[in-house]
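These protein sequence lines are chains A and B, in that order. Per the numbering used here, numbering of the first sequence is gapless, rising by one per residue and ending at 128. Per the numbering used here, numbering of the second sequence is gapless, rising by one per residue and ending at 225.
Since the hints were made in silico from the structure, they are not lab data. Treat the hints with care, since some could be wrong.
Only part of the chain A face toward chain B is listed, based on derived beta-carbon distances under 8 Å [what the hints assert, rightly or not]:
1) A(-2)
2) L6
3) S10
4) G14
5) E26
6) L75
7) Y77
8) M79
9) N83
10) T96
11) L100
All C-beta atoms, glycine included, are put in the ideal place defined by N, C-alpha and C.
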Amino acid sequence: MTRARVVDFVFLVLLSAALGFAFNSQNPQGVELLPPSLPPSVQVVAAIPKDAVVVDARPRQYFERGSLPGAVNVPPQFFDLIYPMLLGNLDPEQPVVVFGRTWSRLYDVETARLLVERGHEAVSILEALPEARP
Amino acid sequence: MRRWLAWRGHFWIALLLRVYLGGLFVLASLYKIQFPAAFADSVVEYQLVPYALVPVVAVVLPWLELLAGLCLVLGVRAKAAAWTVAGLLAMFSVAVASVLWRGLPVGCGCFEASGEPASWLTVARDLVWLGMALYVIGYDRFLHLERVFLLSSAELDR
Chain A
-5 MTRARVVDFV
5 FLVLLSAALG
15 FAFNSQNPQG
25 VELLPPSLPP
35 SVQVVAAIPK
45 DAVVVDARPR
55 QYFERGSLPG
65 AVNVPPQFFD
75 LIYPMLLGNL
85 DPEQPVVVFG
95 RTWSRLYDVE
105 TARLLVERGH
115 EAVSILEALP
125 EARP
Chain B
68 MRRWLAWRGH
78 FWIALLLRVY
88 LGGLFVLASL
98 YKIQFPAAFA
108 DSVVEYQLVP
118 YALVPVVAVV
128 LPWLELLAGL
138 CLVLGVRAKA
148 AAWTVAGLLA
158 MFSVAVASVL
168 WRGLPVGCGC
178 FEASGEPASW
188 LTVARDLVWL
198 GMALYVIGYD
208 RFLHLERVFL
218 LSSAELDR
């Protein structure tokens, strides 16, 4: 069997990257390459604002392991499905505070973004939550 | 021992395993290539990749699986492809073992997003495949398409 050369590995990786990015840009189910940015109207707060609705943005299996008291579970992946059921009747001026992120995904930023898109005016993100990393 | 190592049957077994592993990797890559968002969710569950790199991994890794698998099946740069497959399997084994160690609720994300949960069986299976990949690296020499259609590196060096 012929020897493996460094150039073989470089070629394999570069070709994978080229094909992957090219295909992703054309794929209707493709992923967004840049991480989500926080809308300017969303504030980062250290404590839960008074009378705020608390939203846990992590996936269901984390929520079920324990969450903040009174929190509702609205992960960004299923936002369109869950939002009308849990938050559909909410006053747009009612404060909403979102939490929940891991090293690999900013669930809180994504859900906050979707809430702003639905017209909520007082959305904030809770920083430094000890239980945010299960 | 020396006679056993020199047995010609190894070459045929290596060819069989090479095609099997290659086909396996092609199969595993197809769903992930088609649904990168679902695969990205699987990558996220492992909590090993920082969030800024998750989309890159989700987009590139399945294509690396596909190309390495195709190279193995066809016998094009087969040794490099076998090392790539072995490296990926070693990485997957460590990743699955680490989520089991940390007790994260994770689907394996091996073939399909909603597939089986990660378990120690998954690790054992990946290690068996890793053993096959190393065997291929050691003994594979038959039926390389690149010998038929392409110049070998020896010929190019000449």
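Checklist entry - For which of the previously enumerated hints does the structure constitute a violation, in increasing order of number? => result Hints 6, 7, 8, 9 are the ones this structure does not satisfy, whereas the remaining hints hold.
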